[in-house]
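*Asks:* Chains as they are written, first to last, in the numbering used here: chain A, 269 to 406; chain B, 4 to 137.
In short, the hints are calculated from the structure, not lab data. Values in this document were obtained by computation on a predicted structure and should not be read as measured data. Heads up, a few of these hints could be off.
Unchecked claim - Which chain A residues face chain B? A few, computed with CB under 8 Å, are given here:
1. Ala376
2. Gly378
3. Lys406
From the three backbone atoms N, C-alpha and C, an ideal C-beta is built for every residue, glycine too.
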Amino acid sequence: MPAVTRWYVKTSLGYLLAALLVGIAVVTQPVVDSFGPLAGFMPVYLHLFVVGWLTQFIFGVTFWLFPKYSRELPRGYEWLAWTTFGLLNVGLLMRAAGEPLVASGLTAWGWLLVASAVLQWAAGMCFVVNTWARVKEK
Amino acid sequence: MPRLSVWFLRTALVYLAAGFTFGALMLANKGVPFSASMWALLPAHEEFLLLGWMVQLAFGVGFWILPRYSGGSRGNVHLAWLSFGLINAGVLLVAGQEILGLPALMGGIGRAAEAGSAVAFALHAWGRVRPAYP
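Make a model of the complete structure from these sequences and hints.
*Replies:* Structure representation (structure tokens):
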């Protein structure tokens with residue numbers, strides 16, 4: 269298993285735990301509501317789970333197991349896989365921080381969500397570009 | 004990788020790109036609002052990423068990698084192709100109905116197509132889920 273896949277998979281497991289812990293705040297919303305800054309946790313919970321855990325796990329395993337790109341570059345461009353990893357995680361963490369701030373009325377932090385959107389979008393495009401040519405008939 | 008898996012997986016990658024694009028537009032709009040109509044993308048965002056990307060990826064990898072029958076056959080390939088057609092028709096109908104405000108019946112037909120896709124794929128894959136031949 270390549271190093272970048274180990275980072276993807278282990279990080280995704282961390283997000284699974286984080287999502288489930290944030291889920292505690294979501295299901296105890298009446299208690300949580302008494303803390304203004306903890307508003308906006310539902311989208312954080314959903315995206316830690318679906319992006320941080322599921323999507324990131326898929327990205328890592330795909331990089332590891334999909335058909336070889338070429339003899340010289342069997343897994344495509346490894347730097348692109350690392351770039352995807354960095355963009356996805358920085359973007360997702362910015363969202364996890366920004367959502368509660370914006371939801372609690374601190375709208376000046378809205379640019380954090382804009383930056384998060386750009387980074388996560390770029391991560392998705394990098395993954396598609398690096399994976400596309402590895403999806404091929406034998 | 005068989006041809007049908009290439010179709011499943013490349014289509015899944017297209018939905019991933021579209022779903023991430025819609026999600027990024029909505030998230031940016033949440034941070035710095037620029038258009039109230041961005042929220043109309045939410046159903047398509049969910050549909051593209053959950054059905055178009057994740058389910059289709061699972062179908063494509065499953066068709067490719069599940070144990071084959073003796074002689075290397077993947078069994079009834081027509082059912083798997085039917086599954087591919089139905090899931091994509093379903094995703095486009097459901098997302099299109101919600102984005103374009105078309106009659107709810109179209110969304111219902113889309114959901115039925117997605118269910119039909121699941122049935123077709125399950126019928127195809129059922130016999131392949133077994134221990135490997137010795």
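*Asks:* Each of the hints needs a verdict: does it hold here or not?
*Replies:* Hints versus structure:
1. Taking 8 Å as the C-beta cut-off, the interface hint given for alanine 376 (chain A) is violated, the closest approach to chain B being about 10 Å.
2. Using the Cβ-Cβ criterion of 8 Å, the hint placing glycine 378 (chain A) at the interface with chain B is satisfied: the shortest such distance is roughly 4 Å.
3. The criterion of a C-beta within 8 Å of any C-beta in chain B is met by lysine 406 (chain A), whose closest approach is roughly 6 Å, and the hint holds.
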